[in-house]
Amino acid sequence: MSTAIDIRNVVKRYGLTTALHGISLTIADNEFFTLLGPSGCGKTTLLRCIAGFEDVSEGDIQLFGQNIAGLEPNQRPVNTVFQQYALFPHMSVVDNVAFGLKMKGVGPEDRRRRAGKMLEMVHLSAFADRMPAQLSGGQQQRVALARALAPEPKVLLLDEPLSALDLKLRQAMRVELKSLQEETGITFIFVTHDQEEALTMSDRIAVMSQGHVQQVGTARDIYEAPVNRFVADFIGETNLLDVTVESVSGGQARVILPGGHVILCPTTGDGLGRHLVSIRPERLSIVADGDLDVLVERVVYLGTDLQLLTRLPGGEEFHVRLQNSARTQPPAPGNRVSLHLEEGAARLLSD
Amino acid sequence: MKGVRHYPGFLAMAVGCLVILYAPLIVVTIYSFNDSASITTWGGFSWRWYADVFTGPEAPRFKAAAWNSITIAMLAATTATAIAIAAAVAMVRGGRFRGKSATFALINLPLMVPEIVTAVACLIFFSTIGLTTGYMTILIAHITFCIPFAYLPIAARLTGIEDVYEQAARDLYATRAQAFRLILLPLMLPGILSGFLLAFIISLDDFIITNFVKGAGMETLPTAIFGSVKQGIKPNIMAISTMMLAVSVLFVTLSYLANRIGQRTRS
Amino acid sequence: MAGTAPKAGKEGGTGYRGIVGPLLLPTWVMVGVFMVIPVLLMAVYSFLTKEFRGGVIWDFTLAAYDQFFLSRGLFGDEPPRIEWTYISIFWRSIWQAALATLVCLIVGFPTAWFIATRPARSRAVWLFLITVPYWVNLLIRTVSLKFLIRDNGPLNESLMSIGLIDGPLPLVNTNLAVQLGLFYSYLPFMVLPIYAAVERYNFALSEAAADLYASRWVTLWEIVLPIVKPGIIAGCILVFVPSLGAFLAPDLLGGAKTFMIGSLIDEQFRGSQGNWPFGAAAAMILMTLVMIVLLAYARAQAKSEAR
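Residue numbers (this note's numbering), protein chains in the order written: chain A, -9 to 341; chain B, 7 to 273; chain C, 6 to 312.
Honestly, the hints are just simulated from the structure, not real lab data.
Using N, Cα and C, we set each Cβ at its ideal position, and we do this for glycine too.
It is possible that part of the hints are untrue.
Claimed, not checked - Interface residues of chain C toward chain B, partial, derived using beta-carbon atoms under 10 Å: (1) V41; (2) L67; (3) Y70; (4) Q72; (5) V148; (6) A239.
As the list claims (entries may be wrong) - Each computed DSS-like pair below joins lysine-lysine, with the alpha-carbon atoms no more than 25 Å apart: (7) B:K106 <-> B:K240; (8) A:K144 <-> A:K158; (9) B:K236 <-> C:K262; (10) C:K308 <-> B:K106; (11) B:K220 <-> B:K236; (12) C:K262 <-> C:K308.
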């Protein structure tokens, strides 16, 4: 697989503040790649550096082997779907979609035909002559997508494109985006703060925080094997516990939880002493005689799940999720229950 | 209970305002159609004073003055608008730069200095550099004091246009010039139109500065009218006033429509 | 933040940062050469010696300011006393302008409030009606007003015909006429900024005050006025400053007794009786007064923004 984008040690400073601290990422051709992180983590800044709206302070960005630093946005074969769509309000839908082609010097007839095809692809052929203001949010979103795809960019950049849509539409668009990416074979770089969006669509995800890339991997990688506290905490729900590693042998660490329980965790290192462990709440089940005992304080009904708010013997809060099925008999608050840790439920973190 | 928005007497004040603002204009309009040569008695409806404006003894003077006024307003408003567009783009889109607040003060200087002071300063300047007072000096002075009037609506409009449209255009392979011409300029158009109309009216209206820098023998409509009025208000002046009033109303309407269009295209 | 990353570098990709200089050059040249330099030159002129047929002799002297502030007797041989002639003209102008501002405020605030509380449709109509006079030539408006209030003008005629008065009210050439003229000239400048402030006012605050037992007028005084104060101050400045240097209203509607700064300055540049250095000095003093007002405003503005 060839490399679409190679980001090498990119630093971005605004005066005294540093938005990106030496980011390095390699994004493969044909990949659906997501930059995931909370607001202010630098993901949008990185996207804008790729698009050419911001200059990088250090490092460089290569697009299919060509260094694009110093190129103006209009000289870069990448297109952007903007967060608020940025459809030109004074142009019709078809003129919006054809704009990039026009700028590239495509003749009027060719332009109209290809714009028409793009509109067909996003199911908006009937709206070609409408003005953007006459479309719903979801329709505007699809026009923005058609407009960015029309010039056949090598890479498509999407800046939180679904954030302005309501939940149902957002879920439908996720599927549509993913199949569009597979259909066109264009590399997508998708920016979002919504982990569900990231997990459902991406081939690979880069989790960012405070201008650093924390972890890069598939959805399964970052969920199942978070490398640090930030990733474990940011992706999904988890119990983070301060623990002591007593001994390591054969890739298994003996870990003492607060309150005295001892569990086994897979580990790659051999460090003893104080560590952090992440235990996913849905990887636990109530058994007669399990790995740890907790005191149930409250049971929250979530529809698909039941959430148990419990405490470890040491007093730490500990969350447990049980799937809500006819067979589930939730324990009553005030009771002690014994929990079984599934294989891989607990993860030792580097910090 | 009439709600917290209601205050007794405020309606009367508002109506009173309109009466005071409009009464003189309406009276003059009515009397401009007075057939009687005496301005105090009503002698029936007539167009005679309008005819007098175009064919009477003062007609050549008024025609020349009107021509000067209109051409100066046209040239001054166009030039000032062009200058103001460039300035607004730099001020709104140029990020932070050294001398920005000084430039802002400079743009607004003509608004802050009293007109009579500007008039004196211009007269002294033109006489010192030896520029003969006349058409040229009026035009230069008008361009200068029209700049802030053209600038304010344009900058206000531009501030309301998110830069994301230009970014989208640049992303779609438009050069900076293309992004300006195809995206920013059309989006700014309502502001540009407002600015131009305002500058045009301000130039057309100006009396004090023009009166100082016009030199002998040169007249614009306001200075011609002023000269005439000094000898008493004659019916032909009322006819001219009514026509200028009509032009003003036309301009406000245009500017109002420009704003309406502007609001429609704002996403 | 995702959407609002600090703008720098290519300042968001619109690419105008590099050409700010060329874009602003025309403004700098026009305003610099034809506004700043003339005002500086005017300052220099105020220290020159007058030439009798208008114009100046390039000899530096304080004569113009001396003439303005001090009296040294007919032949300049008496000890200097304060000369009240010009100071009182300035004082009268300031007083007239302040009074006009106050009247505009008293009438303009209720009007602005009333307009801002109309439903959207009729609000647009009211706003339109208030702005139209602003677009009408000031000279024409002043002449129209003079025509209306003349001794044998329509106002007096109709008042006499309905028997309200016996003889014509002597309005023209009085302070009242000048007041009316200033009020009439600059009223829209008061209404529009106050309107803008009231339009942004959150009426739920009035409701909260009413809920907490404040009467309508107490609410107006305690809640509304402090909040819309910036609009009121802006309106007052916009009326006061042009009123102070007004020329047309006092010249056309007033007489010798209502002589204001504008006419005093104008006179110095007319024909052979003129005195350019003295006119320049009077203009300098007027500009200084205006700048003091504007600076005080700017400082108050900065203060309230800092809070």
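query: Where does the structure disagree with the numbered hints, that is, which hint numbers, in rising order?
result: 2, 3, 4, 6, 7, 8 and 12
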